[in-house]
Amino acid sequence: MIKQVALEPIYLSRLQHYLYCSRQFALIELENIWIENQFTAEGQVLHQRVNQADQQKRGAVRTARALRLANAELRIEGVADVVEYHQQADGTEIPFPIEYKRGKPKAHRADEVQLCAQALCLEEMHGVAIPEGALFYGEVRRRHPVIFDAELRNLTLQTIIACRDIVQTNITPHAIYQARKCNGCSLIDQCHPKDFGKSASAWLAAQLKKD
Amino acid sequence: MRPLRNVIYVQTQNAWLHKDNENLVLKVDKETKARVPIHKLQGLVCFGQVTISPYLMAHCAENGITITFLNMFGKYLARVEGPASGNVLLRRTQHITGHNVEKSVAIAQTMLTGKLYNQRYVIRRYLRDHSEKINDEKILIDLQVAEKRLTRCLTQLTDCKTIDTLMGREGEAAQVYFGVFNHLIRQADFEFDSRRRRPPTDPVNALLSFFYTLLTHDCRSALETTGLDPASGFLHQLRSGRPSLALDMAEEFRPMVDRFVLSLINKRQVVSKDFETWPNGSMTLKDEPRKTLLAAWQDRKQDNLFHPWFEETVPIGLLPWLQAQILARFLRGDCDSYVPFLWK
Ligand code: SF4
Chain A
1 MIKQVALEPI YLSRLQHYLY CSRQFALIEL ENIWIENQFT AEGQVLHQRV NQADQQKRGA
61 VRTARALRLA NAELRIEGVA DVVEYHQQAD GTEIPFPIEY KRGKPKAHRA DEVQLCAQAL
121 CLEEMHGVAI PEGALFYGEV RRRHPVIFDA ELRNLTLQTI IACRDIVQTN ITPHAIYQAR
181 KCNGCSLIDQ CHPKDFGKSA SAWLAAQLKK D
Chain B
1 MRPLRNVIYV QTQNAWLHKD NENLVLKVDK ETKARVPIHK LQGLVCFGQV TISPYLMAHC
61 AENGITITFL NMFGKYLARV EGPASGNVLL RRTQHITGHN VEKSVAIAQT MLTGKLYNQR
121 YVIRRYLRDH SEKINDEKIL IDLQVAEKRL TRCLTQLTDC KTIDTLMGRE GEAAQVYFGV
181 FNHLIRQADF EFDSRRRRPP TDPVNALLSF FYTLLTHDCR SALETTGLDP ASGFLHQLRS
241 GRPSLALDMA EEFRPMVDRF VLSLINKRQV VSKDFETWPN GSMTLKDEPR KTLLAAWQDR
301 KQDNLFHPWF EETVPIGLLP WLQAQILARF LRGDCDSYVP FLWK
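From first to last, the protein sequence lines are chains A and B. Quick note: the first sequence, position 123, residue 123 per the UniProt record's numbering, numbers continuous. Quick note: the second sequence, position 170, residue 170 per the UniProt record's numbering, numbers continuous.
What the hints contain is simulated information worked out from the structure, not anything from laboratory work. Certain hints may be false.
[Claimed, not checked] List of simulated lysine to aspartate or glutamate pairs, EDC-like, C-alpha gap at most 16 Å: (1) B:Lys103 - B:Asp303; (2) B:Lys273 - B:Asp202; (3) A:Lys198 - B:Asp334; (4) B:Lys301 - B:Glu288; (5) B:Lys103 - B:Asp164; (6) B:Lys344 - B:Glu312; (7) A:Lys198 - B:Glu81; (8) A:Lys194 - B:Glu311; (9) A:Lys101 - A:Asp111; (10) A:Lys194 - B:Asp336; (11) A:Lys194 - B:Glu312; (12) B:Lys33 - B:Glu102; (13) B:Lys273 - B:Glu288; (14) B:Lys40 - B:Glu22; (15) B:Lys291 - B:Glu276; (16) B:Lys40 - B:Asp20; (17) B:Lys344 - B:Asp303; (18) A:Lys198 - B:Asp336; (19) B:Lys273 - B:Asp287; (20) B:Lys103 - B:Asp159; (21) B:Lys148 - A:Asp211; (22) B:Lys344 - B:Asp129; (23) B:Lys286 - B:Asp202; (24) A:Lys194 - B:Asp334; (25) B:Lys344 - A:Asp211; (26) B:Lys267 - B:Asp334; (27) B:Lys33 - B:Asp20.
With the rest of the complex left out, here is chain A:
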């Protein structure tokens, strides 16, 4: 297969796609499949965020918005909604990432993985250990603390490795139709999970025999 330069970073926001469906990740990452609603919206949001980058200080907390993040070793990058820098007694600052999500907390861990990946970037950038962050869900209007424990870190690293594997091998995973997942997927029309499950040559031969 064709090798792609392995150094291209994986975007933090794409990790969620992978966790939703590995094929969805590949369709977007490898095939540049254009999803009018989601993709353009994403681009606009990113754009707005970059434009809105700013920082403020209130008491012992410095708040940075639309902060660009990267981890050179893991080769991931992206933008954090909000990072609070909490000043410690000794004067050092510990970053505390907060990600804003529409809707409410979900059963799967995609949001936590994305946040943890942000923490991994901040840890490398600042050379400090980051124990926790928070997810803010618009619908319930509440902060959910997220602890970056060994298990979540492990899941995040595994996800990054799996994404990179798809990019390096340039292989789009086959579609496996699951009603619950696929019917809520904005790529369903381009992916055709039902159709590409059947054998094309057998289908064609059968059609020709029929008449």
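Given the coordinates of chain A, work out where chain B with the ligand should sit on it, guided by the hints.
Frame of chain A, contents of chain B with the ligand only:
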């Protein structure tokens, strides 16, 4: 399903097209003649003397709207498109596959299977709809024989191991099919003898050539949208400037154009005085009838058909786009063969 956006065909001579906010505006002698929201657009096809502002061009390029320039008679001149879509990996796989004889033959074979299958459908459909009205025994037998021979050509396609033998079989099928094409015409002033391309010298050939050009344009846009390289085909030889893959893909849809042309003639939507002859013997449509026929073509693309592979009813205008998707998915290894559109 991707919404079927419109292709606008601009035929007004000396028209000036420019962008006004989110609208495309057509002016002639500084007077506004038409205004269309640009976001509804998929392609812009300009015939003859049409000028476009650089801003409109840039906007189209950025939004994936392709602009094609044809001369007044529908001959392809040039095309303006934005930066190549990011799908370099797919294109590379396509080119590598093009070097593989076995795979190229397999793809070309399925595409021609689609063409012959659909040609046979044109004849079957005629037999089904008109058998009782055919008084001439000979015509009926000719059509039935042609139907059988096309079935044989179809089975023989499967044994072809080279592009040349495939082309040979396709040529045979074309002789059979166009050999009875005149039987499908029910208007005395339209006579079809054989397929003549450069230049067409009779009205039927002129109509076929004209709509085949538009069909190829649509296939080309569909391939481009999907991220495939329209210039790198499997059946048609590569030649600089030739949209080989678009021509490959057009094969399976040609019979649909044929049937469309037949219905235009048989329903007298086009008549012999709609054509003019040029000193070199070539024949083309006059301006006004060309406009009417383009509108009819646009309407036809909104009609729905059943797509047997997707098991879904889709507008005709979407077919090239869906086929381009199947081809891309095949090249990516999602399925074990390309499947053409089979008209049922
Ligand atoms: S339609 Fe289903 S298989 Fe396809 S990308 Fe979406 S979730 Fe994955």
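Practice prompt. Could you tell me which of the hints above the structure violates, numbers in ascending order?
Written response: Violated hints: 1, 4, 7, 12 and 26; rest satisfied.
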